[in-house]
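**Q** The chain contents come next:
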Amino acid sequence: MYTLLIVQLAVSGALMGMVYALIAYGFQLTFATSKSINFGQGELVMLSAFFSLTLIDSGLPYWLVVPGGMLFGAVLGLFVERTAVRLSLEQKGEGWILLTIILGLLGFSAAENIWGRDDRPFPTPISSDPLHFFGIDVTPLELSVAIGVLAVMGLVELFKRKTLLGKAFEAVSADRDAAQLMGISATRTIQLSYGLSGLVAALAGILVAPITTVGPTMASVLILKAFSVAVVAGLDSGFGIVLVGLFLGALESLTSFYLGSGWREAPGLVLLILALAVRPNGVFGKASIRKV
Amino acid sequence: MWKRLLLIRGAELAVLALLAAIPLMVDNSYVLGLLTLLAIYGILLIGLDVTVGYLGQVNLAQAAFLGLGAYAAGLCVANFDFGMLAALAAALVVGLIFGTLLAFPALRLEGPQFALATLSFSALSATVLNEWEGLTLGAQGLQVSRPPFLGMTLDASGFFWLCLLLLALVWMAMRNLLSSQWGRAFEALRDSPIATDAMGVGTYRHKVAGFALASGLGGLAGGLYAFNFQYLQPQSFGWDLMVILLLGVVLGGRKSLWGALVGASLIALLPNLLSNRGLFQIFSAIGLLIALAAGGQGLLKKTTRPFQALAPVAAMGILMVGSLIVENTEDWRKAIFALMLFSVVVGLPEGLMGFAARFLTRLFHIEPPRLPAPASLDTVLPKRTANGGALLELRGLERYFGGVKAVDGVSMTVQAGEIHGLIGPNGSGKSTAVNVISGLYVPTGGDMLLRGKLLPVGSLFKVARTGVARTFQNLQLFGELSALDNVMVALKDVYRSPLPLVLLGLARAEEKRASAAALALLELVGLGDQARSLAKDLTYGDQRFLEIARALARKPELLILDEPAAGLAHPDVNKLMDIIKRIHERGISIILIEHHMDVISELCGVVTVLDGGKIIAAGTAEQVKRDPKVIEAYLGVVDDPAGAAAPAQAG
Numbered sequence: 000m001y002t003l004l005i006v007q008l009a010v011s012g013a014l015m016g017m018v019y020a021l022i023a024y025g026f027q028l029t030f031a032t033s034k035s036i037n038f039g040q041g042e043l044v045m046l047s048a049f050f051s052l053t054l055i056d057s058g059l060p061y062w063l064v065v066p067g068g069m070l071f072g073a074v075l076g077l078f079v080e081r082t083a084v085r086l087s088l089e090q091k092g093e094g095w096i097l098l099t100i101i102l103g104l105l106g107f108s109a110a111e112n113i114w115g116r117d118d119r120p121f122p123t124p125i126s127s128d129p130l131h132f133f134g135i136d137v138t139p140l141e142l143s144v145a146i147g148v149l150a151v152m153g154l155v156e157l158f159k160r161k162t163l164l165g166k167a168f169e170a171v172s173a174d175r176d177a178a179q180l181m182g183i184s185a186t187r188t189i190q191l192s193y194g195l196s197g198l199v200a201a202l203a204g205i206l207v208a209p210i211t212t213v214g215p216t217m218a219s220v221l222i223l224k225a226f227s228v229a230v231v232a233g234l235d236s237g238f239g240i241v242l243v244g245l246f247l248g249a250l251e252s253l254t255s256f257y258l259g260s261g262w263r264e265a266p267g268l269v270l271l272i273l274a275l276a277v278r279p280n281g282v283f284g285k286a287s288i289r290k291v
Numbered sequence: 000m001w002k003r004l005l006l007i008r009g010a011e012l013a014v015l016a017l018l019a020a021i022p023l024m025v026d027n028s029y030v031l032g033l034l035t036l037l038a039i040y041g042i043l044l045i046g047l048d049v050t051v052g053y054l055g056q057v058n059l060a061q062a063a064f065l066g067l068g069a070y071a072a073g074l075c076v077a078n079f080d081f082g083m084l085a086a087l088a089a090a091l092v093v094g095l096i097f098g099t100l101l102a103f104p105a106l107r108l109e110g111p112q113f114a115l116a117t118l119s120f121s122a123l124s125a126t127v128l129n130e131w132e133g134l135t136l137g138a139q140g141l142q143v144s145r146p147p148f149l150g151m152t153l154d155a156s157g158f159f160w161l162c163l164l165l166l167a168l169v170w171m172a173m174r175n176l177l178s179s180q181w182g183r184a185f186e187a188l189r190d191s192p193i194a195t196d197a198m199g200v201g202t203y204r205h206k207v208a209g210f211a212l213a214s215g216l217g218g219l220a221g222g223l224y225a226f227n228f229q230y231l232q233p234q235s236f237g238w239d240l241m242v243i244l245l246l247g248v249v250l251g252g253r254k255s256l257w258g259a260l261v262g263a264s265l266i267a268l269l270p271n272l273l274s275n276r277g278l279f280q281i282f283s284a285i286g287l288l289i290a291l292a293a294g295g296q297g298l299l300k301k302t303t304r305p306f307q308a309l310a311p312v313a314a315m316g317i318l319m320v321g322s323l324i325v326e327n328t329e330d331w332r333k334a335i336f337a338l339m340l341f342s343v344v345v346g347l348p349e350g351l352m353g354f355a356a357r358f359l360t361r362l363f364h365i366e367p368p369r370l371p372a373p374a375s376l377d378t379v380l381p382k383r384t385a386n387g388g389a390l391l392e393l394r395g396l397e398r399y400f401g402g403v404k405a406v407d408g409v410s411m412t413v414q415a416g417e418i419h420g421l422i423g424p425n426g427s428g429k430s431t432a433v434n435v436i437s438g439l440y441v442p443t444g445g446d447m448l449l450r451g452k453l454l455p456v457g458s459l460f461k462v463a464r465t466g467v468a469r470t471f472q473n474l475q476l477f478g479e480l481s482a483l484d485n486v487m488v489a490l491k492d493v494y495r496s497p498l499p500l501v502l503l504g505l506a507r508a509e510e511k512r513a514s515a516a517a518l519a520l521l522e523l524v525g526l527g528d529q530a531r532s533l534a535k536d537l538t539y540g541d542q543r544f545l546e547i548a549r550a551l552a553r554k555p556e557l558l559i560l561d562e563p564a565a566g567l568a569h570p571d572v573n574k575l576m577d578i579i580k581r582i583h584e585r586g587i588s589i590i591l592i593e594h595h596m597d598v599i600s601e602l603c604g605v606v607t608v609l610d611g612g613k614i615i616a617a618g619t620a621e622q623v624k625r626d627p628k629v630i631e632a633y634l635g636v637v638d639d640p641a642g643a644a645a646p647a648q649a650g
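Protein chains in written order, with numbering that gives the first Met the number 0: chain A, 0 to 291; chain B, 0 to 650.
I should point out that these hints are in silico values taken from the structure, not numbers from a laboratory. One thing to keep in mind: the hints can contain errors.
Keeping only pairs whose Cα atoms sit at most 27 Å apart, straight-line, the calculated DSSO-like set for lysine-lysine is [claimed, not checked]:
| # | chain 1 | residue 1 | chain 2 | residue 2 |
| --- | --- | --- | --- | --- |
| 1 | A | Lys-91 | A | Lys-159 |
| 2 | B | Lys-535 | A | Lys-34 |
| 3 | A | Lys-285 | B | Lys-404 |
| 4 | B | Lys-535 | A | Lys-91 |
| 5 | B | Lys-300 | B | Lys-535 |
| 6 | B | Lys-382 | B | Lys-461 |
| 7 | B | Lys-301 | A | Lys-91 |
| 8 | A | Lys-91 | B | Lys-300 |
Sequences and hints are given; from them, build the entire structure.
**A** Structure follows, in structure tokens:
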């Protein structure tokens, strides 16, 4: 019975971990093209969830809310790219770190004032009555998270490999200067990557909102764990993040069982610092050669 | 000279005296509280500026160090009955220790990874402070009593004077430190970590030291914070405070003690600003005017991009409109910080003090401190007697990248006192060979010996310390440092004063010797009159010469010049040849990688030719020029060796 409880905790945690992996995937997309990430991505997740909630409240059916929310996330992603990232990339500086933090703060404050500081439930047509697999309970809601995450990641990867635009994306990721010499606009591609990144972040928000509820702080812990997943797996590790996401989700669920829920963020943070110390390119990442 | 000293030191003293006198003139506990907070924030921001300004890294852990220091001081008083000074020392030490611990993993990290490491550390420390209830009482909060200071009980103004005194001490110590070799090293590793190691300065130790120092000051400020508020809660040291601190440093101005003070005053006053609607409206209007003026000027002079000029105006415009519409500005606190920070980062990257300093220097005609007379070259670069014999020996050196054999079994000997040419078509492995010798790459196989002893492998820093110096084909100068500082930072055998003496300002004599020596080297390469120019502002040719002067500051036995003539105009090439000859006269052995065949012919006694990672010819310049294999490597066809053109300027 005790073992079963542990497995149950690990499985539920791992399914939550898929959300971390999806947000981390958003980091990978922008890091590939521009070596930058949005430090305010958590606020993007949260704002998209709030926006989707507003769509639901206005009576839109769920199957329209999902694309609507994702579109909103993509627009926010484009806004971040234009206001916080482009200038510092042009200046070859790292000002984008500070600027994306600042935009996140702005988004947080806006959400507090527009939608209020309280957590609100997020209605969903997907049932949360548990299904039983070998004595373990899994809700369709949790399964929908996993399926949604894998589906959108699969689609984006397919897009990158099969379409011309996607190939431009890969070309810029491989070598920005060379791609530019071949007539591919790096700026447009980086824009595209930020749009896509916002899109997957919004989906993460919509998928996780029914489980966590929606509030201004809903993503502040989520985002730390997404950072952990991205760094531990490596910012260019591809599907490695899914494995790390599952692992971290299970680990924190067990930590909170053994040490108390206040400690549930600790393993991710420790892992992140350790990974940076030991393998800055991540478990699945590739080491780069320094050139002079 | 005196005017400079008088104005700058005078301003410092005047501000200090004014701050110290306020409690005597105004009897108002609220004002006193603000002033105390200002002094505490001043110490905190001076620390934060070391990482954000000098090391150039986004540090998101300073608020956490404030918290750790505060809890350390508070708990020491509560549990061990520490006095004020002992508790403050404990807070400082806790900051130093945790800073060092965090610096080690964060060491190899740059930019986003560094920011992430510090972000996680903050979150982790918040978790521990919250959850370790046995020690910290968690979210419930910790009461701290203000302990006696050397047996005296301090009232509010006494405590303020203590904070002010500490701020003044920190100010002086940091001014001494940052204008010494340490400050230069911090800036050097920000601009080029690779060159910092290659010049034997050591990225490693300086990054750890800089970060630990910043954290130590954070801890000290935390101790004062604890005794000021006398009540601690973990959430006071969270993300909100961190953003405010960044606002302080960026708005005040990076790399400036005055900037930290201005920033500290602003963030100490911010809460008042936000609670008073009229004041806030005036403030936003001023912000909008500054943004309009700066943006308009930038656009007219075409010094800024349209985005840089317009975005701050838009942000300040939103702030202005918001201040008129919004009832309770307190609710929008974060958005207001965000808009202000955004405008400053985009539109005024040098901050208020950076801007003001330039203005004031012009207004008062303050000249930079005068330079000492250059030292004689004989003391800086004593003539070495070339006693012959093998200096550098490569035995079967290999370096593979995956399946590419960039260097494939190279064996050669550089005799002491010679200029050894290393040539070959592009991609022949010359630069890789140099990168292996100088320690950037670990060799895949083979041995390297310097004077018969094995050369360290895979560490630029260790190789630099053996007496091998190099320049870089793609320039690796410290762009934000002056030409003089670029040379000074690399100088060997000058900086001997231990850290405490540097902090006390007792290392000025060696600073003076160092700048005299560096000037001599600048004159050697013809840059004597450019000593104050920033490296990034020099012409391309002068930058190449500066690289050579900087390498010479290592007083090397062996100097490796990696394509020093690449991209130089003809007169500069002649100047370069002249410089190389003069360096050679000092008895320094040189490996010269070059494509200009006339340079090689004129300077090199021995030439080794590489192709495909292997040596295909060696001998005098005349010999290799006629070698059929060399001609084939460069031109691809073997016609009539006697009639074929020399491979001048090939590639």
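**Q** Against this structure, judge whether each hint is valid.
**A** Here is how each hint holds up against the structure:
A hinted pair counts as satisfied when its Cα atoms are at most 27 Å apart, and Lys-91 (chain A) with Lys-159 (chain A) qualifies at roughly 26 Å. Restraint check for Lys-535 (chain B) and Lys-34 (chain A): the C-alpha separation of about 24 Å stays at or below 27 Å, so the hint holds. Of the pairs offered as hints, the one joining Lys-285 (chain A) and Lys-404 (chain B) holds, with about 20 Å between alpha carbons and a cut-off of 27 Å not exceeded. Distance restraint check for Lys-535 (chain B) and Lys-91 (chain A): the Cα-Cα separation of roughly 14 Å lies within the 27 Å cut-off, and the hinted pair is therefore satisfied.
For the hint pairing Lys-300 (chain B) with Lys-535 (chain B), the CA-to-CA distance comes to about 21 Å; that is within 27 Å, so the pair holds. Taking the CA atoms of Lys-382 (chain B) and Lys-461 (chain B), the gap is near 24 Å; set against the 27 Å cutoff, the hint holds. For a cut-off of 27 Å, the pair hint linking Lys-301 (chain B) to Lys-91 (chain A) stands: about 19 Å separates their Cα positions. Straight-line distance between C-alpha atoms of Lys-91 (chain A) and Lys-300 (chain B) comes to about 22 Å, which keeps the hinted pair within the 27 Å bound.
Every hint, counting from the list given before, is met by this structure.
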